[in-house]
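Residue numbers (our numbering), protein chains in the order written: chain G, 1467 to 2173; chain F, 1146 to 1219.
Please note that the accuracy of each hint is not assured.
[What the hints assert, rightly or not] Incomplete in silico selection of chain G near chain F, CB under 7 angstroms:
(1) S1532
(2) N1567
(3) K1569
(4) R1570
(5) Y1715
(6) F1840
(7) K1844
(8) Y1954
(9) E1958
(10) L1959
[Unchecked claim] Quick list of the computed label-pair ranges, beta carbon to beta carbon:
(11) G:R1472 / F:G1193: 50 to 58 angstroms
(12) G:F2167 / F:V1160: 54 to 62 angstroms
(13) F:V1160 / G:R1737: 24 to 32 angstroms
(14) F:E1168 / G:S1685: 25 to 33 angstroms
If you are wondering where the hints come from, they were derived from the structure by calculation, not from laboratory data. Everything numeric in this text was worked out from a predicted model, so none of it was measured. Just so you know, even glycine gets a beta-carbon here, dropped at the ideal spot from N, CA and C.
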Amino acid sequence: MTSTRRSRIVLVGNPNSGKSSLFNFLTGLNQKIGNFPGVTVDKRAGSTSLPDGTVAEVVDLPGIYSIYPRSLDERIVAEVLLDHHSPAAPDKVVIIVDGSNLKRGLLLATQVIDLGVPAIVAMNMMDLASKAGISYDFKKLSERLGVPVLGINARKGIGLEDLKKQLISKNGAAPIKQVFAMPQEAVAPVAELRGQLGVDNDYEAYQFLEQPNSLTFLSNERSGAVEVIRKRHGFFPGKFQGAETINRYSYIQQLLDEVVIKPSNESWRDRSRMLDRILLHKVWGYVIFFGILLLIFQSIFAWATVLQDFIDATFAEISSWLGNNLPAGTLTDLLSEGIIPGIGGIVIFVPQIAILFAFISMLEESGYMARVVFLMDKIMRKFGLNGKSVVPLISGVACAIPAVMATRTIDNWKERITTILVTPLMSCSARLPVFTILIALVVPEKTVLGVFNLQGLALMGLYLLGFGAALISALVVSWLIRVKERSYLIMELPMYRVPKWSNVGYTIVEKTRTFVWEAGKVILAISIVLWVLASYGPGDEMARAEEAVLDQNANARLTEQGLADRVEAYKLEHSYAGIIGKSIEPLIKPLGYDWKIGIALITSFAAREVFVGTIATIYSIGSVDEDDSGTIKERLREEVNPETGGPRFTPAVGFSLLVFYTFAMQCMSTLAVVYRETKGWKWPMIQLGYMTTLAYLSALFVYQIMS
Amino acid sequence: MSQTVAQMRPGEIAVISGFSDDELSVKLMEMGCLPGGSIRFNFAAPFGDPVCVSVAGYDLSLRLEEAASISILN
Chain G
1467 MTSTRRSRIV
1477 LVGNPNSGKS
1487 SLFNFLTGLN
1497 QKIGNFPGVT
1507 VDKRAGSTSL
1517 PDGTVAEVVD
1527 LPGIYSIYPR
1537 SLDERIVAEV
1547 LLDHHSPAAP
1557 DKVVIIVDGS
1567 NLKRGLLLAT
1577 QVIDLGVPAI
1587 VAMNMMDLAS
1597 KAGISYDFKK
1607 LSERLGVPVL
1617 GINARKGIGL
1627 EDLKKQLISK
1637 NGAAPIKQVF
1647 AMPQEAVAPV
1657 AELRGQLGVD
1667 NDYEAYQFLE
1677 QPNSLTFLSN
1687 ERSGAVEVIR
1697 KRHGFFPGKF
1707 QGAETINRYS
1717 YIQQLLDEVV
1727 IKPSNESWRD
1737 RSRMLDRILL
1747 HKVWGYVIFF
1757 GILLLIFQSI
1767 FAWATVLQDF
1777 IDATFAEISS
1787 WLGNNLPAGT
1797 LTDLLSEGII
1807 PGIGGIVIFV
1817 PQIAILFAFI
1827 SMLEESGYMA
1837 RVVFLMDKIM
1847 RKFGLNGKSV
1857 VPLISGVACA
1867 IPAVMATRTI
1877 DNWKERITTI
1887 LVTPLMSCSA
1897 RLPVFTILIA
1907 LVVPEKTVLG
1917 VFNLQGLALM
1927 GLYLLGFGAA
1937 LISALVVSWL
1947 IRVKERSYLI
1957 MELPMYRVPK
1967 WSNVGYTIVE
1977 KTRTFVWEAG
1987 KVILAISIVL
1997 WVLASYGPGD
2007 EMARAEEAVL
2017 DQNANARLTE
2027 QGLADRVEAY
2037 KLEHSYAGII
2047 GKSIEPLIKP
2057 LGYDWKIGIA
2067 LITSFAAREV
2077 FVGTIATIYS
2087 IGSVDEDDSG
2097 TIKERLREEV
2107 NPETGGPRFT
2117 PAVGFSLLVF
2127 YTFAMQCMST
2137 LAVVYRETKG
2147 WKWPMIQLGY
2157 MTTLAYLSAL
2167 FVYQIMS
Chain F
1146 MSQTVAQMRP
1156 GEIAVISGFS
1166 DDELSVKLME
1176 MGCLPGGSIR
1186 FNFAAPFGDP
1196 VCVSVAGYDL
1206 SLRLEEAASI
1216 SILN
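This is chain G alone, in the form it adopts within the complex (with noise of 0.2 angstroms):
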């Protein structure tokens, strides 16, 4: 029998084991993120040709240091493993392990090996483990371990090979061996399991027992079975975990010393202890830090928006020129003013979170985000907060769906729920395009103290509201939830290592990816909405614009042009969003706006971002010019306030602006994301309401005291 199905295989291992590494390198670019069933834990999935000139699906598992999970993420590593009989049931399982760190990385390899899965250790590493002095025994290890074991290295895609050709060998398919001694009251239960519901394997059993809340597999009848035969023995969940590990780390210990050939010398870790010594400084380590931050925002404003005007021209010509090369008519409107320009929204991101992203991978890769959690744990913690938190409110800095989705790896519930309620305000790009062309409008463009450029001391002044409001929060927040819930920071401080620029890349590709496709469906929606909007209106007095414009105008004289504009101006006030602008104005009138940002607001309800692309729209429509395809900023800056006869856009209400976005929640896709964390309303709800209470309020005391 010839079965097509593709052998699955999945990468366990330890965080920091290189499993990232071997990931990239066995699927090149042929990787996808999606979801595992039922659960929001994303799952890097690729495929890798084997030498059998076959293909296989190589999943890539959440780190952990145990089979026993300490947070959602790390709970899908111990479903899947305990999970024998799904379709989706791994045909190899690869265990990554650190050689210069093998101790911990076999707890964990014991115990997948115990659950009775067709593995192979790959002891990564070897040129650590080499520096450091130590070598090992393969074939004593492997006889011990009953699984085969091959050395590699990750970052040199050294000995993959030999790891491909384990994946298709079929001897050695199950271990027989086990390291596991079970505890007498768990005898009885587990040979019950194993009899009533035919799981094969005792430490998987007995994995059933303890884990009654990562058994989500089992249909309910099953997982019912499995209750009853815990509560008739009366076995606790967790009693014996202690036990052994201990046994575990003593089997290890004596494995180690047979296999060992070369005992340890530390000296090679100075190098990582002498960075630390400054990195972790009590006056430089913040200095350092600080100075990253300011570097990120920098090469973000000076590097990012060149790539971004060139985006910005491309699309208009592009645009332009549909226009005038179509046939005239609705669909080519829809194409050269929907649909383009809608696209072009999306892809001017691209160059900001390819940066951003290459900056988060790389503090990543080289272990100083460790650090940064490290240096900001005792401080994060009066806020309510957890050190664990900083990355994802590092990440807020990019996008805040991947943020979001990054506060998994905080174990504790209230921390979590804080950090994701606080996270939207740290300033994302998605505000970026609208700070970059309000502080275009209103802040001089100047040169201060030598080096700083104002316009970028202002933005940098935003980032940090932002932040501050996002802290402020945090402590309201984290204490009007009361839980008693233990916090605690069990962290690895990874050695400091070059990262690896391959990995920097994949992360970049990842990212810009998934905000395309995730984020991307709703800007171009939204930006065709939109353009129908402003394009329609009820009843004909669309259609009697001209009509209606040459009354009122029946005296004056009138250039073509002018005419047209007027009558431009006339469709946009009629057509749906003029409306929906109108009717809002009364409650926006007080911070400055009238009803044309009205329409933006609304607009960007959906993602801040369409803010720009909705004024670009209202303007370009309101004044169309043939001639004279200008930028944004410069049909800004000539719109005029009809109250004053003075510019639109004076300070007062651009600083509104910039608080406004600062702090609204203006972003459905988020909304979206915690509303699937949270599996609920409540937060995403409470989350919308605070957030836009606090910028209409904001932007209002910043109006008033302005004007």
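Since chain G is already given, all that's left is putting chain F on it; use the hints.
Only chain F this time, still in chain G's reference frame:
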């Protein structure tokens, strides 16, 4: 009164004798802090908390209260 890791000074090495917190002990042991194993206090964060220790051949960061739950012999 027994000493804990929280009272150690940078550079000191001690032997872990036990844990005063059951819930934390499971996690600490998984990470390689084992009774009878050695633990080295490397340094503390700028505000004295968290702290960095070496166990089982690698560096681990712990909050002061977590370090205080590890008792040592010396």
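Do the hints match the structure? See the list:
no. : hint                                  : result
1   : S1532                                 : holds, 5 angstroms
2   : N1567                                 : holds, 5 angstroms
3   : K1569                                 : holds, 5 angstroms
4   : R1570                                 : holds, 5 angstroms
5   : Y1715                                 : holds, 5 angstroms
6   : F1840                                 : holds, 5 angstroms
7   : K1844                                 : holds, 4 angstroms
8   : Y1954                                 : holds, 6 angstroms
9   : E1958                                 : holds, 6 angstroms
10  : L1959                                 : holds, 4 angstroms
11  : G:R1472 / F:G1193: 50 to 58 angstroms : holds, 54 angstroms
12  : G:F2167 / F:V1160: 54 to 62 angstroms : holds, 60 angstroms
13  : F:V1160 / G:R1737: 24 to 32 angstroms : holds, 28 angstroms
14  : F:E1168 / G:S1685: 25 to 33 angstroms : holds, 32 angstroms
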